[in-house]
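Asks: These are the residues of each chain, in order.
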Amino acid sequence: MAEAILQIFRGDAKGGAAKECRVPMAPGMVVLDALHYVQAHQIPDLAVRWNCKAGKCGSCSAEVNGRPRLTCKTRMDALPLDKPITIFPMKSFPVIKDLVTDVSWNFRINKKIPPFQPRPGADWKIEQKDVDRVQEFRKCIECFLCQNVCHVLREHDKKEEFGGPRFFVRVAGLEMHPMDGASRAGLLRKELGIGLCNITKCCTEVCPEDIHITDNAIIPLKERVVDEFYDPLLMLVRKIRGVKQSQD
Amino acid sequence: MSDRFETHEHDVLIIGAGGAGLRAAIEALGQGASVGVVCKSLLGKAHTVMAEGGIAAAMANVDAADDWRTHFRDTMRGGKMLNNWRMAQIHAQEAPDCVRELEHWGALFDRTDNGQILQRAFGGHTYKRLCHVGDRTGLEMIRTLQDRGVQMGFDVYMECTVTRLLKDGDRVAGAFGYWREQGRFVVFKAKSVVIATGGIGKAWPITSNSWEYTGDGMALAYEAGAALMDMEFVQFHPTGMVWPPGVQGILVTEAVRGEGGILRNKTGERFMERYDPQRMELSTRDVVARAIYTEVREGRGTEHGGAYLDISHKPAEYVKRKLPSMYHQFLELADVDITKRPMEVGPTCHYMMGGIRVDAETAQSTLSGLFAAGEAAAGLHGANRLGGNSLSDLLVFGRRAGLAAAKHASSTPAPSVDSAQIDQAERDALEPFQRKDGESPYAVHRDLQDSMQKLVGIFRNKEDLQRSLGEIDKLKQRLKRISVEGSRLYNPGWHLALDLKSMLAVSEAVALSALAREESRGAHSRIDFQNLDPAWGARNNIIGREGEAMRLRQEKVLETPGELKQILAEGK
Chain A
17 MAEAILQIFR GDAKGGAAKE CRVPMAPGMV VLDALHYVQA HQIPDLAVRW
67 NCKAGKCGSC SAEVNGRPRL TCKTRMDALP LDKPITIFPM KSFPVIKDLV
117 TDVSWNFRIN KKIPPFQPRP GADWKIEQKD VDRVQEFRKC IECFLCQNVC
167 HVLREHDKKE EFGGPRFFVR VAGLEMHPMD GASRAGLLRK ELGIGLCNIT
217 KCCTEVCPED IHITDNAIIP LKERVVDEFY DPLLMLVRKI RGVKQSQD
Chain B
1106 MSDRFETHEH DVLIIGAGGA GLRAAIEALG QGASVGVVCK SLLGKAHTVM
1156 AEGGIAAAMA NVDAADDWRT HFRDTMRGGK MLNNWRMAQI HAQEAPDCVR
1206 ELEHWGALFD RTDNGQILQR AFGGHTYKRL CHVGDRTGLE MIRTLQDRGV
1256 QMGFDVYMEC TVTRLLKDGD RVAGAFGYWR EQGRFVVFKA KSVVIATGGI
1306 GKAWPITSNS WEYTGDGMAL AYEAGAALMD MEFVQFHPTG MVWPPGVQGI
1356 LVTEAVRGEG GILRNKTGER FMERYDPQRM ELSTRDVVAR AIYTEVREGR
1406 GTEHGGAYLD ISHKPAEYVK RKLPSMYHQF LELADVDITK RPMEVGPTCH
1456 YMMGGIRVDA ETAQSTLSGL FAAGEAAAGL HGANRLGGNS LSDLLVFGRR
1506 AGLAAAKHAS STPAPSVDSA QIDQAERDAL EPFQRKDGES PYAVHRDLQD
1556 SMQKLVGIFR NKEDLQRSLG EIDKLKQRLK RISVEGSRLY NPGWHLALDL
1606 KSMLAVSEAV ALSALAREES RGAHSRIDFQ NLDPAWGARN NIIGREGEAM
1656 RLRQEKVLET PGELKQILAE GK
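Same order as they appear, the protein sequences are chains A and B. Those letters in the first sequence? Residues 17 to 264, per this note's numbering, in order. Those letters in the second sequence? Residues 1106 to 1677, per this note's numbering, in order.
These aren't lab readings, by the way, just hints derived from the structure by calculation. Incorrect hints may have been included.
No more than 27 Å apart at the CA atoms, straight line, and that leaves these computed lysine-lysine pairs for BS3-like [as the list claims (entries may be wrong)]:
id	chain 1	residue 1	chain 2	residue 2
1	B	Lys-1233	B	Lys-1419
2	B	Lys-1425	A	Lys-89
3	A	Lys-141	B	Lys-1233
4	B	Lys-1294	A	Lys-145
5	B	Lys-1581	A	Lys-145
6	A	Lys-238	A	Lys-145
7	B	Lys-1559	A	Lys-127
8	A	Lys-145	B	Lys-1425
9	A	Lys-89	A	Lys-107
10	B	Lys-1567	B	Lys-1581
11	B	Lys-1425	B	Lys-1233
12	B	Lys-1541	A	Lys-35
13	B	Lys-1294	B	Lys-1371
14	B	Lys-1567	B	Lys-1272
15	A	Lys-217	B	Lys-1425
16	A	Lys-128	A	Lys-107
17	A	Lys-89	B	Lys-1445
18	B	Lys-1606	B	Lys-1581
19	A	Lys-238	A	Lys-206
20	A	Lys-141	B	Lys-1425
21	B	Lys-1559	B	Lys-1585
22	A	Lys-174	A	Lys-217
Working from the sequences, and respecting the hints, build out all of it.
Replies: Shown next as structure tokens:
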């Protein structure tokens, strides 16, 4: 039987190195299958996060041959087998052990986002096209691969000033909800720092759910922030009327 | 002492953060209780996220004739009348409001032409009843609940596993567990504990369940002295993926059949005509699973030992819109474009109808202060669950469990926990580290799975079940010789070694109950007793603990009152 050679990161917060393992190939095998094989036969304490194994829960994110992916959806037969397959943890988050990283920062950001707030008098008659429009954002499985590749987080580590693509997608799903009445423009501008995104689209490229994060979520939200805070006409009107800018 | 473990105190402790646990948490918070939620994975990854087809609720948006009575009747008939009638009634009556509530919290469902929540057909439901959003209803539900709970302010303990319930005399007093990340111990003190840990799918090798579903909650309750019920009823979902090997068991939603998918054997025959000519593909899951299994066993299976499920006669755009995740799942994992070619499917271990015995009104177990909801609890589904009745179960009984748990907490003094229980729990958890060169937890797990698949599968007989009990006994001995390598830092081998204890206890309860029930009913099929037996139809199998031994006894099924009997007798 054909064999694959894996270089799997082994280590913790203090550091580590790749360890070479060999696994027998099977038809349709995915990288997560290979990792499970290694756990059962070679390294019983190899730390791997996973759940559904069907691309629906977003737990098993890692960097395979340098590319951020869900290991449950990465077919071994789609990778070149003439050289070792490298499997490393997501780089933008602190390593706990092996392939498991500390993603708790994401949950702290999420907590800042004002929840869904129905418009007063909402009658809950919704058209399918309005459901379809936000579907894209609501199918996010929170794998955090977009957070992992975003250079604002990956290279510049601006976790204190920036929410990251995942949470722009979440805000888009709320803001474009046909019954929502809250405004999150102030939050986007300040706490989530949407201005830091310079639309390089790295997030869109790695999204396993094919969400057009940049085009459909971030750019419209940037426009919303501009409309709310930088519209010269509105600013003039506000000045004359003595109205303060909202949410700021 | 304090450096050995950290301590947290709550009015209500909820174990499990799927739909039932989160709904319970929201309700208890609403009552003013302080609430802690413990879960083995990250928040939002529980199995609810995998639920695809929809939430069953008689809202009558599509079929105006639907009402709770019909839903009640369908549920009872699907469960072969072994259900707790009161749970089935409450469920059917309260599900529509629970769905509306979810919508008001921000969940978005597909719509009818006049803007109402759209409902689709599903097996065993008389009318179009499943509220859904494409085939990712569970994701919408769990995100909605999770965000509401977070905003309301529960404390969530992620990647934390509970290994033992703590008691104060005859009542529950909290739980002991470990942080999966660092391996450190944690003690939760609570006046009420809600178990919402889901099922036991991982005791079988071919399953739709993830690593988490090791029967923890049922085993914790059993160990603490609560009763389990109906443990012989394990649902094998008719349609799991069968090829390639790595994806075997992954769920193929019943919505494929709900949207018009047709099952065929390798000769092209639409074989459901022979098993249930009236309902065909939309028969109940027990019937369809047995049909596919029988076709394969009798040589009419597909290349990889399944049946064909075909939706390619529908327009490609329709399939992609109504079943988007199925489309991607098959394309990416099996190289099959389901808009052009049939899928290969076969039964996969999916759901436990049995579980912790609870009171219908309050979801309280037989142990004071211990509540259970969702898959971990028994009663609603009887001998077979209808598709879509699980998500509604989570909402209806999650809410009731949270409410009753908060009320119980408000009228109960704080319990005290003696340190002997904590010491023992700590010793038990660390035991696998004390041994060197013992059994591998992975090997013991694989052997348990093989044994359950072979001996406690879809079709059962006395000999196999007796053998399985012998196998479980041997595996328990091997469990005592397990050793784990490495440190306590995020160590899956150690975690599995601890989960195995639950899996073995629950597997024993399943085999013991299945051996006792000498009839075939719902999901429990005995080759040696192929018919329904009215005497068994009046009895539930109850599992309890006596000292270290597992004891089985029977109790009479609760008698359905006259006016509801009338409803059951109506219709076809």
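Asks: Does each hint fit the structure? Answer for all of them.
Replies: The hints, checked one at a time:
1. B:Lys-1233 - B:Lys-1419: Cα-Cα ~19 Å, so holds.
2. B:Lys-1425 - A:Lys-89: 19 Å, holds
3. A:Lys-141 - B:Lys-1233: 19 Å, holds
4. B:Lys-1294 - A:Lys-145: Cα-Cα ~48 Å, so violated.
5. B:Lys-1581 - A:Lys-145: 56 Å, violated
6. A:Lys-238 - A:Lys-145: 23 Å, holds
7. B:Lys-1559 - A:Lys-127: 47 Å, violated
8. A:Lys-145 - B:Lys-1425: 16 Å, holds
9. A:Lys-89 - A:Lys-107: Given that 27 Å is the threshold and the Cα spacing comes to 19 Å, the pair holds.
10. B:Lys-1567 - B:Lys-1581: Roughly 21 Å between the alpha carbons, so the hint for B:Lys-1567 and B:Lys-1581 holds.
11. B:Lys-1425 - B:Lys-1233: Between B:Lys-1425 and B:Lys-1233 the Cα gap is close to 21 Å, so the pair holds against 27 Å.
12. B:Lys-1541 - A:Lys-35: 23 Å, holds
13. B:Lys-1294 - B:Lys-1371: 57 Å, violated
14. B:Lys-1567 - B:Lys-1272: Given pair B:Lys-1567, B:Lys-1272 is violated - Cα atoms ~37 Å apart, limit 27 Å.
15. A:Lys-217 - B:Lys-1425: Distance ~25 Å between A:Lys-217 and B:Lys-1425 Cα, so the pair holds.
16. A:Lys-128 - A:Lys-107: Holds - the C-alpha atoms of A:Lys-107 and A:Lys-128 are around 24 Å apart, at most 27 Å.
17. A:Lys-89 - B:Lys-1445: 22 Å, holds
18. B:Lys-1606 - B:Lys-1581: 8 Å, holds
19. A:Lys-238 - A:Lys-206: The hint holds at about 12 Å.
20. A:Lys-141 - B:Lys-1425: Since the Cα atoms of A:Lys-141 and B:Lys-1425 sit roughly 25 Å apart, the hinted pair holds (cutoff 27 Å).
21. B:Lys-1559 - B:Lys-1585: 24 Å, holds
22. A:Lys-174 - A:Lys-217: Distance of about 17 Å is within 27 Å: holds.
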